[in-house]
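Colleague: Work out the full structure: start from the sequences and follow the hints.
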Amino acid sequence: MEAPEPVRHRAVFFIPGFDPIGARRYRELYRTQGAEQADISGYSLDVKGCRAGDGPYHWRASLTDGVEESRADIFFLGWTDLIRAAMTDSILLAYGQMLRTAWIYLSSGALTRLIRLRPIPMIIALYPIFMLSLYFNIAFWAGVLVHWWSPPIIDYVTGTATFLLAIRLLHRFDQRNLYAFYLMSDYAFAARERGRMPVALAERVNAWAALVRERGASADEVLIVGHSSGAALAVHLAVALKGWRPLSVLTLGHVVPMVSFLPTAGDLRRDLHALSQREDVYWLDVTAPSDGACFALADPVAVSGVAVEDAANPVVISGTFLRHMSKEQVRQHKRRYFRKHVQYLCAFGRPGIYDYFQITAGSQSLRARFGGRGSTASRIATPLSPHQDMDPCP
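With positions in the sequence shown counted from 1, the corresponding number in the numbering used here is that position plus 3.
Simulated from the structure, these hints should not be mistaken for lab results. Heads up, a few of these hints could be off.
[Stated by the list, open to error] Estimated spans, in silico, between C-beta atoms of each pair:
1. T385 to L181: 32 to 42 angstroms
2. P59 to P201: 19 to 29 angstroms
3. P386 to T163: 46 to 56 angstroms
4. G374 to T91: 41 to 51 angstroms
5. F341 to D313: 31 to 41 angstroms
6. Q391 to Y159: 47 to 57 angstroms
7. D92 to Y159: 20 to 30 angstroms
8. Y159 to D84: 38 to 48 angstroms
9. E331 to L32: 16 to 26 angstroms
[Unchecked claim] Using 25 angstroms as the maximum straight-line C-alpha spacing, the simulated SDA-like pairs for lysine to any residue come out as follows:
10. K245 to A314
11. K337 to F133
12. K245 to L214
13. K245 to S221
14. K330 to P354
15. K51 to P9
16. K51 to I94
17. K337 to T35
18. K51 to P354
19. K330 to P9
20. K51 to R218
21. K337 to V311
22. K337 to A314
23. K245 to Y182
24. K330 to D42
25. K330 to D358
26. K337 to V318
27. K51 to E71
28. K337 to T323
29. K245 to V311
30. K245 to P59
31. K330 to A314
32. K245 to Q391
Just so you know, even glycine gets a beta-carbon here, dropped at the ideal spot from N, CA and C.
Modeller: Given below as C-alpha coordinates:
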(Lines of atoms letter the chains of each structure in order from A and count residues from 1; the text may use other names and numbers.)
(Lines give C-alpha, C1' and ligand atoms only; values in the text may rest on other atoms or scores of the structure.)
Protein backbone atom coordinates (compact mmCIF):
# COMPACT_ATOMS: atom_id res chain seq x y z
CA MET A 1 0.00 0.00 0.00
CA GLU A 2 1.28 3.43 -0.93
CA ALA A 3 2.33 5.55 2.04
CA PRO A 4 0.03 8.52 2.69
CA GLU A 5 1.29 11.98 1.87
CA PRO A 6 2.77 13.78 4.88
CA VAL A 7 0.82 16.65 6.39
CA ARG A 8 2.74 19.88 5.93
CA HIS A 9 -0.03 22.23 7.01
CA ARG A 10 -2.91 21.34 9.31
CA ALA A 11 -5.88 23.43 10.38
CA VAL A 12 -6.99 22.44 13.88
CA PHE A 13 -10.28 23.63 15.35
CA PHE A 14 -10.37 23.12 19.10
CA ILE A 15 -13.66 23.15 21.04
CA PRO A 16 -13.28 23.25 24.84
CA GLY A 17 -15.75 21.92 27.36
CA PHE A 18 -17.85 23.98 29.75
CA ASP A 19 -14.99 26.24 30.84
CA PRO A 20 -15.45 29.98 31.51
CA ILE A 21 -11.70 30.60 31.15
CA GLY A 22 -10.86 31.63 27.62
CA ALA A 23 -8.45 30.97 24.80
CA ARG A 24 -5.21 32.26 26.30
CA ARG A 25 -5.30 29.61 29.02
CA TYR A 26 -5.47 26.90 26.39
CA ARG A 27 -2.73 28.48 24.30
CA GLU A 28 -0.43 28.61 27.32
CA LEU A 29 -1.32 25.03 28.23
CA TYR A 30 -0.42 23.97 24.68
CA ARG A 31 2.83 25.94 24.73
CA THR A 32 4.11 24.76 28.11
CA GLN A 33 2.97 21.14 27.87
CA GLY A 34 4.09 20.93 24.24
CA ALA A 35 7.58 22.06 25.20
CA GLU A 36 7.67 19.42 27.94
CA GLN A 37 6.48 16.67 25.58
CA ALA A 38 8.96 17.70 22.87
CA ASP A 39 11.80 17.53 25.37
CA ILE A 40 10.73 14.05 26.53
CA SER A 41 10.06 12.66 23.04
CA GLY A 42 13.01 14.22 21.23
CA TYR A 43 11.35 16.46 18.66
CA SER A 44 11.17 20.22 18.31
CA LEU A 45 7.97 22.20 18.81
CA ASP A 46 7.71 25.96 18.46
CA VAL A 47 4.46 27.68 19.45
CA LYS A 48 3.68 31.29 18.63
CA GLY A 49 0.58 33.34 19.25
CA CYS A 50 -0.90 35.14 16.25
CA ARG A 51 -1.64 38.83 16.08
CA ALA A 52 -4.97 40.02 17.38
CA GLY A 53 -5.96 41.40 13.97
CA ASP A 54 -5.18 38.18 12.12
CA GLY A 55 -8.67 36.70 12.20
CA PRO A 56 -10.18 34.62 15.04
CA TYR A 57 -8.03 33.73 18.04
CA HIS A 58 -5.47 31.09 17.15
CA TRP A 59 -1.86 30.09 17.56
CA ARG A 60 0.68 28.43 15.28
CA ALA A 61 2.68 25.32 16.12
CA SER A 62 5.70 24.24 14.06
CA LEU A 63 6.98 20.70 14.69
CA THR A 64 10.21 19.13 13.47
CA ASP A 65 10.72 15.41 14.00
CA GLY A 66 13.91 14.21 12.32
CA VAL A 67 13.63 15.35 8.71
CA GLU A 68 9.86 15.83 8.83
CA GLU A 69 8.61 19.39 9.24
CA SER A 70 5.00 20.42 9.66
CA ARG A 71 2.95 23.29 11.01
CA ALA A 72 -0.53 23.77 12.36
CA ASP A 73 -2.83 26.72 12.81
CA ILE A 74 -4.87 25.96 15.93
CA PHE A 75 -8.13 27.89 16.11
CA PHE A 76 -9.96 28.24 19.40
CA LEU A 77 -13.70 27.84 18.85
CA GLY A 78 -14.89 29.71 21.88
CA TRP A 79 -18.27 29.68 23.56
CA THR A 80 -17.12 31.18 26.85
CA ASP A 81 -19.64 34.04 26.54
CA LEU A 82 -22.49 31.51 26.50
CA ILE A 83 -20.94 29.65 29.42
CA ARG A 84 -20.53 32.78 31.52
CA ALA A 85 -24.11 33.79 30.75
CA ALA A 86 -25.28 30.36 31.95
CA MET A 87 -23.38 30.68 35.23
CA THR A 88 -25.03 32.66 37.99
CA ASP A 89 -23.85 34.51 41.08
CA SER A 90 -27.34 34.19 42.51
CA ILE A 91 -27.39 31.51 45.19
CA LEU A 92 -31.17 31.26 44.94
CA LEU A 93 -31.00 30.62 41.19
CA ALA A 94 -28.21 28.06 41.73
CA TYR A 95 -30.44 26.05 44.05
CA GLY A 96 -33.26 26.39 41.56
CA GLN A 97 -30.94 24.98 38.87
CA MET A 98 -30.06 22.09 41.17
CA LEU A 99 -33.68 21.10 41.80
CA ARG A 100 -34.70 21.42 38.15
CA THR A 101 -31.69 19.54 36.79
CA ALA A 102 -32.03 16.71 39.31
CA TRP A 103 -35.72 16.37 38.42
CA ILE A 104 -35.00 16.22 34.66
CA TYR A 105 -32.42 13.45 35.02
CA LEU A 106 -34.58 11.50 37.48
CA SER A 107 -37.95 11.83 35.77
CA SER A 108 -36.58 11.10 32.28
CA GLY A 109 -34.94 7.85 33.38
CA ALA A 110 -31.54 9.15 32.27
CA LEU A 111 -29.94 9.03 35.72
CA THR A 112 -30.41 5.31 36.33
CA ARG A 113 -29.17 4.45 32.83
CA LEU A 114 -26.12 6.69 33.24
CA ILE A 115 -25.27 4.99 36.52
CA ARG A 116 -25.52 1.61 34.77
CA LEU A 117 -23.20 2.88 32.05
CA ARG A 118 -20.45 4.23 34.32
CA PRO A 119 -21.02 4.66 38.08
CA ILE A 120 -17.89 6.74 38.81
CA PRO A 121 -18.65 9.75 36.57
CA MET A 122 -22.17 9.77 37.93
CA ILE A 123 -20.86 9.85 41.50
CA ILE A 124 -18.83 12.88 40.42
CA ALA A 125 -21.94 14.30 38.73
CA LEU A 126 -23.83 13.99 42.02
CA TYR A 127 -21.01 15.75 43.87
CA PRO A 128 -22.37 19.29 43.33
CA ILE A 129 -25.84 18.23 44.52
CA PHE A 130 -24.30 16.72 47.65
CA MET A 131 -22.16 19.80 48.29
CA LEU A 132 -24.96 22.31 47.72
CA SER A 133 -27.17 20.29 50.05
CA LEU A 134 -24.37 20.25 52.63
CA TYR A 135 -23.86 24.01 52.35
CA PHE A 136 -27.59 24.58 52.86
CA ASN A 137 -27.67 22.39 55.96
CA ILE A 138 -24.58 24.03 57.49
CA ALA A 139 -26.09 27.49 56.95
CA PHE A 140 -29.54 26.39 58.11
CA TRP A 141 -28.38 24.85 61.39
CA ALA A 142 -26.05 27.77 62.04
CA GLY A 143 -29.10 30.01 61.71
CA VAL A 144 -31.13 27.74 64.01
CA LEU A 145 -28.43 27.83 66.72
CA VAL A 146 -28.20 31.61 66.61
CA HIS A 147 -32.00 31.79 66.71
CA TRP A 148 -32.08 29.66 69.85
CA TRP A 149 -29.47 31.74 71.65
CA SER A 150 -30.81 35.16 70.65
CA PRO A 151 -33.25 37.30 72.67
CA PRO A 152 -36.89 36.58 71.70
CA ILE A 153 -37.43 40.00 70.13
CA ILE A 154 -34.69 39.57 67.49
CA ASP A 155 -34.29 35.79 67.33
CA TYR A 156 -35.84 35.38 63.86
CA VAL A 157 -33.89 38.34 62.51
CA THR A 158 -30.53 37.10 63.81
CA GLY A 159 -31.27 33.52 62.73
CA THR A 160 -32.16 34.58 59.19
CA ALA A 161 -29.18 36.93 58.96
CA THR A 162 -26.86 34.15 60.12
CA PHE A 163 -28.26 31.76 57.53
CA LEU A 164 -27.81 34.30 54.71
CA LEU A 165 -24.28 35.23 55.83
CA ALA A 166 -23.23 31.59 56.17
CA ILE A 167 -24.56 30.58 52.74
CA ARG A 168 -22.82 33.58 51.17
CA LEU A 169 -19.49 32.71 52.82
CA LEU A 170 -19.81 29.06 51.78
CA HIS A 171 -20.58 30.15 48.21
CA ARG A 172 -17.46 32.33 48.15
CA PHE A 173 -15.35 29.51 49.61
CA ASP A 174 -16.71 27.06 47.04
CA GLN A 175 -15.92 29.35 44.11
CA ARG A 176 -12.26 29.40 45.15
CA ASN A 177 -11.78 25.81 46.28
CA LEU A 178 -14.42 23.14 45.58
CA TYR A 179 -16.27 24.36 42.42
CA ALA A 180 -19.58 22.67 43.20
CA PHE A 181 -21.59 25.71 42.07
CA TYR A 182 -19.60 25.79 38.80
CA LEU A 183 -20.24 22.09 38.13
CA MET A 184 -23.91 22.59 38.90
CA SER A 185 -24.02 25.25 36.18
CA ASP A 186 -22.39 22.78 33.76
CA TYR A 187 -25.03 20.09 34.31
CA ALA A 188 -27.84 22.64 34.34
CA PHE A 189 -26.71 23.98 30.96
CA ALA A 190 -26.73 20.46 29.46
CA ALA A 191 -30.26 19.89 30.76
CA ARG A 192 -31.61 23.39 30.14
CA GLU A 193 -33.58 22.33 27.06
CA ARG A 194 -33.94 18.74 28.34
CA GLY A 195 -31.13 17.77 25.96
CA ARG A 196 -31.76 19.86 22.85
CA MET A 197 -28.94 22.20 21.86
CA PRO A 198 -29.87 25.79 22.80
CA VAL A 199 -30.57 28.09 19.84
CA ALA A 200 -27.62 30.39 20.64
CA LEU A 201 -25.25 27.43 20.68
CA ALA A 202 -26.67 26.04 17.42
CA GLU A 203 -26.06 29.43 15.81
CA ARG A 204 -22.49 29.37 17.15
CA VAL A 205 -21.88 25.95 15.57
CA ASN A 206 -23.10 27.27 12.21
CA ALA A 207 -20.70 30.22 12.53
CA TRP A 208 -17.87 27.79 13.30
CA ALA A 209 -18.73 25.80 10.17
CA ALA A 210 -18.29 28.93 8.06
CA LEU A 211 -14.94 29.60 9.75
CA VAL A 212 -13.74 26.03 9.14
CA ARG A 213 -14.62 26.29 5.44
CA GLU A 214 -12.73 29.57 5.18
CA ARG A 215 -9.62 28.72 7.18
CA GLY A 216 -9.35 25.02 6.40
CA ALA A 217 -9.73 25.11 2.63
CA SER A 218 -5.99 25.08 1.86
CA ALA A 219 -4.82 22.77 4.67
CA ASP A 220 -3.58 19.22 4.07
CA GLU A 221 -5.70 18.05 6.99
CA VAL A 222 -8.65 19.61 8.79
CA LEU A 223 -8.82 18.31 12.36
CA ILE A 224 -11.74 19.06 14.70
CA VAL A 225 -10.93 18.45 18.37
CA GLY A 226 -13.62 18.36 21.05
CA HIS A 227 -12.72 18.02 24.72
CA SER A 228 -15.18 17.00 27.46
CA SER A 229 -18.60 18.51 26.71
CA GLY A 230 -17.01 20.03 23.61
CA ALA A 231 -17.01 16.51 22.11
CA ALA A 232 -20.75 16.74 21.38
CA LEU A 233 -20.19 20.11 19.72
CA ALA A 234 -17.43 18.58 17.58
CA VAL A 235 -19.97 16.02 16.35
CA HIS A 236 -22.49 18.75 15.49
CA LEU A 237 -19.78 20.74 13.70
CA ALA A 238 -18.53 17.79 11.64
CA VAL A 239 -22.07 16.98 10.52
CA ALA A 240 -22.63 20.64 9.56
CA LEU A 241 -19.62 20.30 7.21
CA LYS A 242 -21.10 17.33 5.31
CA GLY A 243 -19.93 17.11 1.72
CA TRP A 244 -17.31 19.83 2.09
CA ARG A 245 -14.07 17.81 2.25
CA PRO A 246 -12.57 14.87 4.22
CA LEU A 247 -12.32 15.58 7.93
CA SER A 248 -10.55 14.20 10.96
CA VAL A 249 -12.40 14.33 14.29
CA LEU A 250 -10.77 13.74 17.66
CA THR A 251 -12.97 13.59 20.77
CA LEU A 252 -11.27 13.54 24.17
CA GLY A 253 -12.73 12.64 27.56
CA HIS A 254 -16.29 12.83 26.26
CA VAL A 255 -19.43 13.18 28.38
CA VAL A 256 -21.82 12.76 25.45
CA PRO A 257 -24.32 10.50 27.32
CA MET A 258 -25.02 13.29 29.82
CA VAL A 259 -26.88 14.95 26.93
CA SER A 260 -27.72 12.16 24.49
CA PHE A 261 -29.63 10.21 27.17
CA LEU A 262 -32.04 13.13 27.73
CA PRO A 263 -35.51 13.14 26.15
CA THR A 264 -35.22 16.02 23.65
CA ALA A 265 -31.64 15.33 22.52
CA GLY A 266 -32.88 14.00 19.19
CA ASP A 267 -30.65 16.49 17.38
CA LEU A 268 -27.52 15.08 19.02
CA ARG A 269 -28.59 11.47 18.48
CA ARG A 270 -29.29 12.28 14.81
CA ASP A 271 -25.82 13.78 14.35
CA LEU A 272 -24.10 10.91 16.19
CA HIS A 273 -25.92 8.49 13.88
CA ALA A 274 -24.98 10.48 10.77
CA LEU A 275 -21.32 10.97 11.66
CA SER A 276 -20.84 7.30 12.47
CA GLN A 277 -21.57 6.43 8.83
CA ARG A 278 -19.42 9.07 7.14
CA GLU A 279 -16.68 7.41 5.10
CA ASP A 280 -15.04 10.81 4.46
CA VAL A 281 -14.50 11.30 8.21
CA TYR A 282 -11.99 9.55 10.45
CA TRP A 283 -13.28 9.85 14.02
CA LEU A 284 -11.08 8.78 16.91
CA ASP A 285 -12.51 8.83 20.42
CA VAL A 286 -10.00 8.75 23.30
CA THR A 287 -10.97 8.31 26.94
CA ALA A 288 -9.18 6.90 29.98
CA PRO A 289 -10.60 4.72 32.78
CA SER A 290 -8.53 6.68 35.31
CA ASP A 291 -10.36 9.87 34.27
CA GLY A 292 -13.43 9.71 36.48
CA ALA A 293 -15.00 12.76 34.85
CA CYS A 294 -15.64 11.05 31.50
CA PHE A 295 -17.54 8.01 30.24
CA ALA A 296 -14.45 5.93 29.65
CA LEU A 297 -14.47 3.53 26.68
CA ALA A 298 -18.19 4.14 26.06
CA ASP A 299 -18.87 4.35 22.34
CA PRO A 300 -20.94 7.57 22.25
CA VAL A 301 -22.96 6.38 19.25
CA ALA A 302 -23.66 2.85 20.43
CA VAL A 303 -24.58 3.64 24.04
CA SER A 304 -26.95 6.34 22.77
CA GLY A 305 -28.81 3.61 20.85
CA VAL A 306 -28.27 5.01 17.34
CA ALA A 307 -25.46 2.79 15.99
CA VAL A 308 -25.71 0.85 12.74
CA GLU A 309 -23.88 -2.36 11.95
CA ASP A 310 -20.40 -2.02 10.45
CA ALA A 311 -20.37 1.77 10.78
CA ALA A 312 -17.08 3.48 10.03
CA ASN A 313 -16.97 5.59 13.19
CA PRO A 314 -15.89 6.09 15.87
CA VAL A 315 -12.73 4.17 16.71
CA VAL A 316 -12.74 4.02 20.52
CA ILE A 317 -9.40 3.66 22.30
CA SER A 318 -8.04 4.13 25.80
CA GLY A 319 -5.60 6.90 26.62
CA THR A 320 -3.97 4.49 29.14
CA PHE A 321 -2.94 7.36 31.38
CA LEU A 322 -1.44 5.22 34.13
CA ARG A 323 0.77 3.36 31.66
CA HIS A 324 2.12 6.47 29.96
CA MET A 325 2.32 8.99 32.78
CA SER A 326 5.62 9.00 34.64
CA LYS A 327 5.70 7.85 38.26
CA GLU A 328 6.15 11.46 39.29
CA GLN A 329 3.06 12.50 37.29
CA VAL A 330 1.00 9.69 38.81
CA ARG A 331 2.10 10.77 42.29
CA GLN A 332 1.36 14.46 41.63
CA HIS A 333 -2.11 13.83 40.20
CA LYS A 334 -3.16 10.98 42.47
CA ARG A 335 -6.02 12.84 44.14
CA ARG A 336 -6.45 15.64 41.61
CA TYR A 337 -9.44 14.08 39.90
CA PHE A 338 -10.32 17.01 37.66
CA ARG A 339 -6.67 17.45 36.60
CA LYS A 340 -6.82 14.02 35.01
CA HIS A 341 -9.67 15.26 32.85
CA VAL A 342 -7.23 17.72 31.26
CA GLN A 343 -4.42 15.18 30.80
CA TYR A 344 -5.49 14.51 27.18
CA LEU A 345 -4.11 17.98 26.35
CA CYS A 346 -0.87 17.52 28.31
CA ALA A 347 2.53 15.85 28.18
CA PHE A 348 3.16 12.23 29.14
CA GLY A 349 6.37 11.19 30.89
CA ARG A 350 6.37 7.78 29.15
CA PRO A 351 4.89 8.61 25.75
CA GLY A 352 3.05 6.03 23.66
CA ILE A 353 1.06 6.23 20.44
CA TYR A 354 -1.19 8.96 21.85
CA ASP A 355 0.71 12.24 21.69
CA TYR A 356 -1.59 15.25 21.51
CA PHE A 357 1.10 17.48 20.03
CA GLN A 358 2.14 15.04 17.31
CA ILE A 359 -1.53 14.54 16.46
CA THR A 360 -2.24 18.26 16.19
CA ALA A 361 1.06 19.49 14.73
CA GLY A 362 2.95 16.45 13.38
CA SER A 363 3.37 15.22 9.81
CA GLN A 364 0.96 12.24 10.03
CA SER A 365 -2.77 12.62 9.59
CA LEU A 366 -5.06 11.20 12.25
CA ARG A 367 -6.11 8.42 9.87
CA ALA A 368 -2.50 7.58 8.99
CA ARG A 369 -1.48 7.52 12.65
CA PHE A 370 -4.37 5.41 13.95
CA GLY A 371 -6.03 3.93 10.86
CA GLY A 372 -4.56 0.47 11.41
CA ARG A 373 -6.07 0.22 14.88
CA GLY A 374 -9.52 -0.95 15.75
CA SER A 375 -11.49 -0.08 18.85
CA THR A 376 -10.31 -1.43 22.17
CA ALA A 377 -11.74 -4.81 23.17
CA SER A 378 -13.20 -3.28 26.34
CA ARG A 379 -15.27 -0.73 24.39
CA ILE A 380 -18.78 -0.35 25.82
CA ALA A 381 -21.38 -0.64 23.07
CA THR A 382 -24.57 -1.61 24.93
CA PRO A 383 -27.43 0.74 23.93
CA LEU A 384 -28.51 2.15 27.29
CA SER A 385 -30.16 5.46 26.51
CA PRO A 386 -33.81 5.51 27.60
CA HIS A 387 -34.55 7.81 24.64
CA GLN A 388 -33.37 6.78 21.17
CA ASP A 389 -35.53 8.79 18.78
CA MET A 390 -33.78 11.11 16.33
CA ASP A 391 -34.78 14.47 14.88
CA PRO A 392 -35.26 14.51 11.10
CA CYS A 393 -32.37 15.83 9.01
CA PRO A 394 -32.65 19.60 8.45
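Colleague: Hint compliance check: list the failing hint numbers for this structure, sorted ascending.
Modeller: 16, 19, 21, 22, 23, 26 and 31
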